[in-house]
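Protein chains: 2
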Amino acid sequence: MAIAETGTIDSELTDSQRERRKRIVDAAITLAVEGGYDGVQMRDVAERADVALGTLYRYFPSKVHLLVNVLHQLTGDMVDRLDRNPPKGQTAGARVLDLLDRSMRVLQREPQLADAMMRALMFADASAASEVDAVSAIMTGAITRSMHGPDREPTHEDHAIARVIENVWWAYILSWLSGRASARQVTDDLEAAVRLLVR
Amino acid sequence: MAIAETGTIDSELTDSQRERRKRIVDAAITLAVEGGYDGVQMRDVAERADVALGTLYRYFPSKVHLLVNVLHQLTGDMVDRLDRNPPKGQTAGARVLDLLDRSMRVLQREPQLADAMMRALMFADASAASEVDAVSAIMTGAITRSMHGPDREPTHEDHAIARVIENVWWAYILSWLSGRASARQVTDDLEAAVRLLVR
DNA sequence: CAGCGTGGTAGAACGTGTTCCAGTTCGGGA
DNA sequence: TCCCGAACTGGAACACGTTCTACCACGCTG
Numbered sequence: 001m002a003i004a005e006t007g008t009i010d011s012e013l014t015d016s017q018r019e020r021r022k023r024i025v026d027a028a029i030t031l032a033v034e035g036g037y038d039g040v041q042m043r044d045v046a047e048r049a050d051v052a053l054g055t056l057y058r059y060f061p062s063k064v065h066l067l068v069n070v071l072h073q074l075t076g077d078m079v080d081r082l083d084r085n086p087p088k089g090q091t092a093g094a095r096v097l098d099l100l101d102r103s104m105r106v107l108q109r110e111p112q113l114a115d116a117m118m119r120a121l122m123f124a125d126a127s128a129a130s131e132v133d134a135v136s137a138i139m140t141g142a143i144t145r146s147m148h149g150p151d152r153e154p155t156h157e158d159h160a161i162a163r164v165i166e167n168v169w170w171a172y173i174l175s176w177l178s179g180r181a182s183a184r185q186v187t188d189d190l191e192a193a194v195r196l197l198v199r
Numbered sequence: 200m201a202i203a204e205t206g207t208i209d210s211e212l213t214d215s216q217r218e219r220r221k222r223i224v225d226a227a228i229t230l231a232v233e234g235g236y237d238g239v240q241m242r243d244v245a246e247r248a249d250v251a252l253g254t255l256y257r258y259f260p261s262k263v264h265l266l267v268n269v270l271h272q273l274t275g276d277m278v279d280r281l282d283r284n285p286p287k288g289q290t291a292g293a294r295v296l297d298l299l300d301r302s303m304r305v306l307q308r309e310p311q312l313a314d315a316m317m318r319a320l321m322f323a324d325a326s327a328a329s330e331v332d333a334v335s336a337i338m339t340g341a342i343t344r345s346m347h348g349p350d351r352e353p354t355h356e357d358h359a360i361a362r363v364i365e366n367v368w369w370a371y372i373l374s375w376l377s378g379r380a381s382a383r384q385v386t387d388d389l390e391a392a393v394r395l396l397v398r
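Chains as they are written, first to last, in my numbering: chain A, 1 to 199; chain B, 200 to 398.
Keep in mind the hints are simulated off the structure, nothing from the lab.
Honestly, I wouldn't trust all of these hints.
[As the list claims (entries may be wrong)] Footprint (simulated), chain A over chain B, 3 or more residues, beta carbon under 8 Å:
(1) 221–227
(2) 273–285
[Unchecked claim] A few chain A positions that, by computed beta-carbon distances, are all more than 10 Å from chain B:
(3) 89
(4) 92
(5) 119
(6) 122
(7) 123
(8) 125
(9) 133
(10) 136
(11) 163
(12) 171
(13) 178
(14) 180
(15) 197
All C-beta atoms in this analysis are idealised placements derived from N, C-alpha and C, irrespective of residue type, glycine included.
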């Protein structure tokens, strides 16, 4: 999957620039895994990526952009894996739940990283709208595809349902990360929501 | 409606302390109306409220706590008004939509204030979980009450539906505030979501 | 009445996101 | 090959949330 990068088209970058950006993203992920949103400090990212602070800001105009980009990338990777190994289940609801459960497990494996990415996503303002939309589109697409077989064309209603599920998904993930719900509660609540939405 | 305050019970405060807290909240609202989340600067809040910075932090342990408290208070006020003048509509779905439309109009009247409160709500971490829960409970309650008449006891399913609607509500509000959707789109999307959820 | 503790004040200090600056390096065109 | 502009570098500077320090004022208690 080709990921559109912040402001610049991938093909317009030299190899060393692609290298630099990868180092930056990797550094951000490493720090996020260890310390969550607060653990990603721009000076540390720059140092780890072996890049000057100013350069870091040339590639990503803010911490939020950087972390939303990380989310974008990892969401894309995850959905790629899911497409190669599609959600299982007899009914549309079961497949959607399988998708959400697997995604939840991915996040649970690195809760601090999830914290960093989600806080950035939620805090993003208009200047990051397009990146946020991109993440949203990936997720909505995956949900839509899981609802029916890959053959049938999704209806307008399918899309509406998928978008509701997607938003509930983010909301519940956030409530888990901010300590208002356990992981168990989240999966249970998601199951209830999907049951209501996917008849 | 009595609002539980951050950490301290209302009745344990002297009059002058109640006064101070009110001045702080009012100052925060004024600044938020003008400049949104970024416009609420703690030094300015303190100055406007005629209170030392340290005192501000004694009353509200962080900017997020302060703004979530504002949201708590204003949400409570709005729901009080709604309870005195309940949502109209023949069906449960119509009443819920009336509730959400009216709430949306309140937010649209002061979009910058909405921005400040919502960013705080979304950015809140575990230390503000109880305040966030309180806001959530007010909203879920209002939605539940609007679904059936005030007489019938809400079922378990009613609550599940109300919680899904509530989360979709916040998500759509956020997408409006961060410029990813127009107010019109939000009301349309909410209508679609409610139609799906309230049969 | 004296003293004491709580809560208040003014303002310095600190940490981290972001911006700016002066100098250096690098890649592509004359 | 030489030169120019764009990109990069190290580091200072700035803004704002948060914390800390030193001191003051008030109401309660011995």
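We went through each hint and held it up to the structure:
1. Note: the segment 221–227 of chain B has 0 residues with beta-carbon separation from chain A under 8 Å; the three-residue rule is not met and the coverage is violated.
2. Given a C-beta distance limit of less than 8 Å, the hint that chain A covers the segment 273–285 of chain B is violated, as 0 residues qualify and 3 are needed.
3. Listed as outside the interface, residue 89(A) is consistent with that label: its C-beta sits roughly 20 Å from the nearest C-beta of chain B, beyond the 10 Å cut-off.
4. Look at residue 92(A): its CB is around 14 Å from the nearest CB on chain B, clear of 10 Å, so calling it non-interface holds up.
5. Its closest Cβ contact with chain B, about 6 Å, brings residue 119(A) to no more than 10 Å, contrary to its assignment away from the interface.
6. The beta carbon of residue 122(A) sits about 4 Å from the closest Cβ of chain B, which is not more than 10 Å, so the claim that it is off the interface is violated.
7. Once the 10 Å rule is applied to beta carbons, residue 123(A) is inconsistent with being away from chain B; the minimum gap is 5 Å.
8. Not every beta carbon of chain B lies more than 10 Å from that of residue 125(A), the smallest distance being close to 6 Å; the non-interface claim is violated.
9. Not every CB of chain B is more than 10 Å from the CB of residue 133(A) (nearest about 6 Å), against its label as outside the interface.
10. Some Cβ of chain B comes within 10 Å of the Cβ of residue 136(A); the nearest lies about 8 Å off, and the non-interface call is violated.
11. Remark: the non-interface label on residue 163(A) conflicts with the geometry, its nearest Cβ contact in chain B lying 7 Å away (cut-off 10 Å).
12. The non-interface label for residue 171(A) is inconsistent with chain B: the shortest C-beta to C-beta separation is roughly 4 Å, within 10 Å.
13. Taking the minimum C-beta to C-beta distance to chain B, about 5 Å, the non-interface status of residue 178(A) is violated against the 10 Å cut.
14. The claim that residue 180(A) lies off the interface is violated: its Cβ sits roughly 5 Å from the closest Cβ of chain B, which falls inside the 10 Å cut-off.
15. Not every C-beta of chain B lies more than 10 Å from that of residue 197(A), the closest at about 6 Å, which undercuts listing it as non-interface.
Going through the hint list in order, the structure does not satisfy hints 1, 2, 5, 6, 7, 8, 9, 10, 11, 12, 13, 14, 15.
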